[in-house]
Amino acid sequence: MSKKNRAEDRASRAAEARAAQQRAERRRTIRMATIVAVGMALVILAGFLLTRALDTSKDVSATPAGTSEHGVTVGDPDAPHSVIVYEDFLCPFCGELEGATRDAFERLAEEGDLLVEYRPFNLLERISDYSPRAVNAFAVVLEESGPEVAKRYHDLLFDNQPSESGPFPDNQDLLDLAVEAGADEADVSEGILEVTMRDWVDAATAAAVEAGVQGTPTVILDGKVVQGGPQDILDAVLEATA
Amino acid sequence: MGGLVVGWLGLLARLATGGVWIVAGALKIPDPAASVQAVRAYRLLPEAVVPTVGQLLPVVEVVVGLALVVGLLTRTMAVVSAVLFVAFIIAIASAWARGLTIDCGCFGGGGYDPDAAEKYPWEIARDVALLAGSVFVAAFGHRSRWALDHVLFRRTPLES
Numbered sequence: 001m002s003k004k005n006r007a008e009d010r011a012s013r014a015a016e017a018r019a020a021q022q023r024a025e026r027r028r029t030i031r032m033a034t035i036v037a038v039g040m041a042l043v044i045l046a047g048f049l050l051t052r053a054l055d056t057s058k059d060v061s062a063t064p065a066g067t068s069e070h071g072v073t074v075g076d077p078d079a080p081h082s083v084i085v086y087e088d089f090l091c092p093f094c095g096e097l098e099g100a101t102r103d104a105f106e107r108l109a110e111e112g113d114l115l116v117e118y119r120p121f122n123l124l125e126r127i128s129d130y131s132p133r134a135v136n137a138f139a140v141v142l143e144e145s146g147p148e149v150a151k152r153y154h155d156l157l158f159d160n161q162p163s164e165s166g167p168f169p170d171n172q173d174l175l176d177l178a179v180e181a182g183a184d185e186a187d188v189s190e191g192i193l194e195v196t197m198r199d200w201v202d203a204a205t206a207a208a209v210e211a212g213v214q215g216t217p218t219v220i221l222d223g224k225v226v227q228g229g230p231q232d233i234l235d236a237v238l239e240a241t242a
Numbered sequence: 243m244g245g246l247v248v249g250w251l252g253l254l255a256r257l258a259t260g261g262v263w264i265v266a267g268a269l270k271i272p273d274p275a276a277s278v279q280a281v282r283a284y285r286l287l288p289e290a291v292v293p294t295v296g297q298l299l300p301v302v303e304v305v306v307g308l309a310l311v312v313g314l315l316t317r318t319m320a321v322v323s324a325v326l327f328v329a330f331i332i333a334i335a336s337a338w339a340r341g342l343t344i345d346c347g348c349f350g351g352g353g354y355d356p357d358a359a360e361k362y363p364w365e366i367a368r369d370v371a372l373l374a375g376s377v378f379v380a381a382f383g384h385r386s387r388w389a390l391d392h393v394l395f396r397r398t399p400l401e402s
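Residue numbers (the numbering used here), protein chains in the order written: chain A, 1 to 242; chain B, 243 to 402.
For reference, chain B alone in the conformation it holds in the complex:
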């Protein structure tokens, strides 16, 4: 792939994944009780950590999203983003496989949802697409356009 294409595609992937994280997290921050409930509804984590995860996730989502959008520690943040998407895909797939009918709680909400079963495949497809974007940024993010990293970690030209 040419450097130019990689640069712009990297920017696009950063804006798409980062934008989704910001929206997803920002919608949840005002109501952590609902976020905790959404985490609990998956019935995957022990109760001892459920409240902490429910309170922490929205914040992490917003920070990772902002970092991706502005291009701060781009590749590391893309790895974090990819790991989160893998976790969410596993969680949704497992809820589906166990016959739970819950709202994924991806953008707030959560808990029982009578139409959950028909939404699961779309939610997983969306997360797979965003995972692909994250992996792309993790691989090529250092070459993406308009990243704050380029300013902070400017390479001084070697004297010859």
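Chain A with its partners taken away, still in its complex shape:
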């Protein structure tokens, strides 16, 4: 073997050793990265199970439809299905829900398939005192003029819902709307103008909070919370009653 060949041989052996070492290093890197990535995934999974367990948005234990003192019902009390809607007269999503579901709910109630109970309460007083004033007016109408007028009033309040940034209807506007719904002005004017049923409003709100309601609208179909947008909720009710 010539001198030159020996040198080449040495060089190629060294290159081979280097390549082998690089391969080993790459393997080690990949193994280590995999271990770390799997560890992270496990931590994320554990955390996810924790937050899922901590998620209270479905833990609402509302008194059954038709048994609350703070709502108005539509439909047969013995209907096979029930929907409870916790809502605030100022909440825009509640207004959207009303728009999407009212006709269907009324039809289902008429056909005897569904008992609907609307439970307005005061969630948004931090935005405007319109919220408690509207619930107060609703309570006055419910007490003085009965559930049928109160349901119509409830519908009218949502049909004339103010924006959350105002301007907000005053008590006279609320009274005018109650008269439009069919209430006798003499029966309801003092209660609405003087906000005489604030205790009722606070009791309704306390009952909703007690039940675990965290936001509006909260919809309970056959005892279980239904989440999602108006269409999701309508679909769930239509499916249940189909």
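Keep in mind that the hints are not guaranteed to be accurate.
Below are the SDA-like pairs computed for lysine to any residue, each with C-alpha atoms no more than 20 Å apart in a straight line [as the list claims (entries may be wrong)]:
(1) K151/A <-> A242/A
(2) K361/B <-> K151/A
(3) K361/B <-> F349/B
(4) K58/A <-> K361/B
(5) K58/A <-> E289/B
(6) K361/B <-> D345/B
(7) K58/A <-> G353/B
(8) K361/B <-> V328/B
(9) K58/A <-> A211/A
(10) K58/A <-> A290/B
(11) K224/A <-> D345/B
(12) K224/A <-> R31/A
(13) K224/A <-> A53/A
(14) K58/A <-> L298/B
(15) K361/B <-> K224/A
(16) K224/A <-> H81/A
(17) K58/A <-> V226/A
(18) K224/A <-> T294/B
(19) K224/A <-> E289/B
(20) K58/A <-> V295/B
In short, the hints are calculated from the structure, not lab data.
Given the coordinates of chain A, work out where chain B should sit on it, guided by the hints.
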């Protein structure tokens, strides 16, 4: 850029973005119901995935933040961080464009906020800055100082 500058800037970017993720996620973990509500308020995702996203996001945020701060799988985590910031920027911009007035829910909270419209530009600016930090780490993170990666993935000097 000199290696030294890149090294320290990389560390700074890791601490800034990672720190924000940790705080943002940790504030949300105790109240997943609010987090789910915040996700829902954007009205971008179908309801079928809203609860899962709302529950998962805070956890992912904390893990990505911790990984960035200690420098674990630095560049991969920076890519994840950048992708999340892009998603948040799109979400906030879209809420703004659709006229929704919602709290971004970035650090807990969420839902209706009467002052939302004037906050959107700041929120987007903040996320763009953090996105830039994430992209920097994704590009140069392997050269940043004090990263756990340097210990775990130590290169053995080649024998010559």
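Please write out, lowest number first, the hints stated earlier that are contradicted by the structure. When the structure is compared with the hints, numbers 1, 2, 4, 11, 12 and 15 turn out to be violated.
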